[in-house]
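Participant: Sequence:
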Amino acid sequence: MTHPAPPARQRSRTATIALGLSITMLVAAAVLGGIFIILGDQANVAGRAWLTLLLVGLFAGAVVLDGSMPEGRNRWYLAVSTILNVVLLAIGLLKIWNGWLQPADTASAAVWTGQIARFVSMILLVRVALLLTQLYVPRFITGASKTGVRISSMATLVFAWLTVLELVLPAAFPAMDWPSWWWRTAGATSLIAIVGLVIPLVLRAFEPKPPADQLPPQDYAQQQWNPNPQWNGYAQQPQQGQPPAYPQQWQQEYPQQYAQPGYPQNAYPQAGYPQQGYAQEAYQQPQAQQQAYPQPDQQGQYGQPQTQGWQQPSEAPQPVSEAPQQQQPGQGPQADQQQPVQQQTPQPQQDPETTPRPEQQP
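Each residue of the sequence shown is one higher than the one before, starting from 1 at the first, in UniProt numbering.
It is worth saying that the hints were derived from the structure and are not from the lab. Just so it is clear, CB atoms sit at the ideal spot from N, CA and C, and this is done for glycine as well. Please note that a few of the clues may not be correct.
[What the hints assert, rightly or not] Computed Cβ-Cβ distance ranges for the label pairs, DEER-style: (1) I194 / G148: 16 to 24 Å; (2) L65 / P208: 37 to 45 Å; (3) A175 / P70: 27 to 35 Å; (4) A110 / G148: 43 to 51 Å; (5) A175 / S145: 45 to 53 Å; (6) L203 / L101: 40 to 48 Å; (7) A175 / T16: 34 to 42 Å; (8) G148 / A175: 39 to 47 Å; (9) V195 / N44: 22 to 30 Å; (10) P170 / V64: 27 to 35 Å; (11) A155 / V128: 14 to 22 Å; (12) V64 / W100: 28 to 36 Å; (13) N74 / I23: 17 to 25 Å.
With these hints in hand, go ahead and build the complete structure from the sequences.
Facilitator: Below, the structure is given as structure tokens:
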């Protein structure tokens, strides 16, 4: 069974606009660089060309980093960051190739140092303002619960971007004569922006919170109790006075077997314990008393016949199979073993009236 291929992910409209702007600006940078090389200032052309390549590489890296971020709630971030990167790339090309409203003496080292410092400060100001906007919009504007927090946050962002604009323009075009009121306005807007950044934080900290006793209980994962845990390790012997922590299943799996009388016990190994070779004494069957065999005919005394009368035959003793006793190494035979006791059977009384022998007759 073949599964249908998943539908291809379509690029969002914001990403499409950002991609078009990036490619257009890269092409424009290449064209402007070629024109400046041919018609522009010829002082240190090789150094300017290398700086152009470095600037284009930085622009491409910034666009890639911004495009790799997930959209989330800030769907505007990719388009805005791409536009700002395009503006910074254009200003950088003007500074490298001594464009419009740039210092005239581009061969001086002090001029190049000032130009690079201004361009780096522009990048820092723009990226910090973009970061503040990215943090304040979802937290204090779209996600605010109070109207005062939302209004103060919007005013703060407006004054912050005004301050950035008033500081970036003189750095981008240093040859222009900027009046004093411009700098005073920049100072005022920067002060209002800094205070406005603190107000939403204070209002957010003093928002009413539910009391501690009304907080919803935390959900803990319920642990399932298994009455018969699968114990795969070695059973541990509990210490003295401590009950066993786990049921010892090995005692149930191997029932105790008793040895038959006269035979050694077969010891089954227990799981987790080494077996010690202690020999167990086998049970001994009590030995039955054997009846003695009748003694051979004794020679009769004088006056009594040698051949006695009829004797009652005694019962033949039954042989008793004595189990072989297991003798432990290093021990001698037991001294207290009972020896078979021979019991003489009583002889029948002789009849006094016996027939005399022929040689004794007169």
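Participant: Each of the hints needs a verdict: does it hold here or not?
Facilitator: Quick rundown of the hints versus the structure:
no.	hint	verdict
1	I194 / G148: 16 to 24 Å	19 Å, holds
2	L65 / P208: 37 to 45 Å	40 Å, holds
3	A175 / P70: 27 to 35 Å	42 Å, violated
4	A110 / G148: 43 to 51 Å	50 Å, holds
5	A175 / S145: 45 to 53 Å	49 Å, holds
6	L203 / L101: 40 to 48 Å	43 Å, holds
7	A175 / T16: 34 to 42 Å	38 Å, holds
8	G148 / A175: 39 to 47 Å	44 Å, holds
9	V195 / N44: 22 to 30 Å	46 Å, violated
10	P170 / V64: 27 to 35 Å	30 Å, holds
11	A155 / V128: 14 to 22 Å	18 Å, holds
12	V64 / W100: 28 to 36 Å	30 Å, holds
13	N74 / I23: 17 to 25 Å	23 Å, holds
Hint compliance for this structure: hints 3 and 9 are not met, and every other hint is.
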